[in-house]
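Participant: Listed below, chain by chain, are the residues.
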Amino acid sequence: MTSPLSTPQVLVAELTHRCPLHCVYCSNPLELTNRESELPQGIWMRVFREAAEAGVLQVDLTGGEPLARTDVVDLVASARSAGLYVSLITSGVPLDEAKLEALVDAGLDHFQLSFQGATKETAQEISHTTSHGRKLVVLEWLKRHRIGLTLNFVIHRQNIGELEGMLAIVEEHQPTAVEFASVQYYGWGLANRQALLPTREQLDDCLETLKAAEERWKGKTRVLFVVPDYYAKFPKACVGGWGRKLMLIAPDGRVLPCHAAAVIPGMQFENVKTSSLKDIWESSSAFRRFRGEAWMQEPCKSCDRRHIDFGGCRCQAFLLAGDASSTDPVCSLAATHGQVSNVLASIQGQGNQQANYHYRPNPR
Amino acid sequence: MRPDVSTVPRLAPGVRLADRQSGQPGQLLMPERVLRLNESSLAIVELCDGKRTVEQIVEELRVRFSKAEPRQIMNDLINYLETLNEARAIDF
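Residue numbers (the numbering used here), protein chains in the order written: chain A, 64 to 427; chain B, 34 to 125.
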């Protein structure tokens, strides 16, 4: 029996893969899209209208660095006038005060600013750029605007010890939300996993500190924590279930069910240049491939949790177990869970020694 | 924080109601999530305009939902606003 098709809720719009930062855990694929292949503004404007018509409520303008698009203000305006709730997922560079004001005037609802650490030294080591100071200036400018503000700290073994410093930044600026997002191990993060995966002890300390902060900031700042799924007993409901809620458009117009889907062999992605978003949602083979439960193997197939976590992440199943339709290996019930336990065992007791990072380059 | 009769609630930064489509319930758009509101919740959120006090909102609700007892309305409203504040949907 097939259940009726759900409505897409969130559109992730990767406007560009260009970015002044080179973060060692970037969620972009290893193969980055060049500038000349980026979708022109006119197609994005049509896509935003199609998204709203298909039922999408929220769009995340991201990248790369969305501010690297010189037409970002117009893109915000067109997404908002299409009826979408508009978030900008950004490093805060390149930006000046006038541009920020223009973004707010264009209807930006929510500004999500990423941080690489609590100090400029750590931020520089992780992003291979000097941008930490700029971000603090952007926070000062943001005080003059009444829009949603989320600070996003990406957490890993090299910066988890600076948690108190991160909390101090939050305390000073009192954003509507703060997200402590553990690195996810795909693409660049996977390439740097041995240097980034926190130890169990670090994770436990971190959880305790964040719980106290959550209590302290109730009614002021919402505290979100994304756990490193390698330590979880059950997998995350990746993107809310494949083809159930989210669509991602890559800078060249290909439409993916998630950030990493291109790593799975045999995937065929449709492009917004030639198809409507609604057609892609309904008919694209990439979206249909792991939608529902027919593709599941045991233990997922008969598991009570299959409606909760949908078998976890398909990309992780492929990357760690070599089979995209197997149970996510982070699940304690997966036959391949030993892979994850071995990786965890290999990093316990490790400090933040000098690492040989693979930095994400900037595409042409 | 628990509101009282003189509190003036308003939508928190980055929070707004979606344009209403026919047949759709109220949808409160917020950073990275959407709260779906039933008719009475929607009526309350629409009155959180940064001008009315909790007391004035109770009066409006009493007119609209005439069968309810004012003390009960006040109590329910304060509880609901506290929940919305913790969800960072409403500021005082």
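Note that these hints are calculated values from the structure, not bench results.
We put the beta carbon where it would ideally sit given N, CA and C, even for glycine.
Just to be clear, a hint being listed does not mean it is correct.
[To be verified] Taking CB as the label site, the calculated pair distances span: (1) 196/A x 73/B: 20 to 28 Å; (2) 133/A x 76/B: 37 to 45 Å; (3) 73/B x 271/A: 38 to 46 Å; (4) 168/A x 82/B: 17 to 25 Å; (5) 209/A x 72/B: 22 to 30 Å; (6) 227/A x 100/B: 47 to 55 Å; (7) 287/A x 79/B: 39 to 47 Å; (8) 79/B x 137/A: 27 to 35 Å; (9) 72/B x 404/A: 48 to 56 Å; (10) 101/B x 356/A: 43 to 51 Å; (11) 365/A x 74/B: 50 to 58 Å; (12) 76/B x 137/A: 32 to 40 Å; (13) 50/B x 385/A: 43 to 51 Å; (14) 98/B x 268/A: 47 to 55 Å.
[Unchecked claim] Selected chain B positions facing chain A (Cβ under 7 Å, derived; list incomplete): (15) 34; (16) 47; (17) 67; (18) 69.
Participant: Would you mind marking each hint as holding or not holding in the structure?
Facilitator: Hint-by-hint comparison with the structure:
1. 196/A x 73/B: 20 to 28 Å: 49 Å, violated
2. 133/A x 76/B: 37 to 45 Å: 44 Å, holds
3. 73/B x 271/A: 38 to 46 Å: 39 Å Cβ-Cβ, so the 38 to 46 Å window holds.
4. 168/A x 82/B: 17 to 25 Å: Roughly 22 Å apart at Cβ, these two residues keep to the hinted range, so it holds.
5. 209/A x 72/B: 22 to 30 Å: At 28 Å between Cβs, range holds.
6. 227/A x 100/B: 47 to 55 Å: 53 Å, holds
7. 287/A x 79/B: 39 to 47 Å: 27 Å, violated
8. 79/B x 137/A: 27 to 35 Å: 31 Å, holds
9. 72/B x 404/A: 48 to 56 Å: At roughly 51 Å between Cβ atoms, residue 404/A and residue 72/B fall inside 48 to 56 Å, so the hint holds.
10. 101/B x 356/A: 43 to 51 Å: For residue 356/A against residue 101/B, whose Cβ atoms are near 45 Å apart, the range 43 to 51 Å holds.
11. 365/A x 74/B: 50 to 58 Å: Taking Cβ atoms as reference, residue 365/A and residue 74/B lie about 38 Å apart, which means the hint is violated.
12. 76/B x 137/A: 32 to 40 Å: 37 Å, holds
13. 50/B x 385/A: 43 to 51 Å: 47 Å, holds
14. 98/B x 268/A: 47 to 55 Å: 50 Å, holds
15. 34: 5 Å, holds
16. 47: It holds, given that the least Cβ distance between residue 47/B and chain A is near 2 Å, below 7 Å.
17. 67: At 6 Å from the nearest chain A Cβ, residue 67/B passes the 7 Å test, so the hint holds.
18. 69: 10 Å, violated
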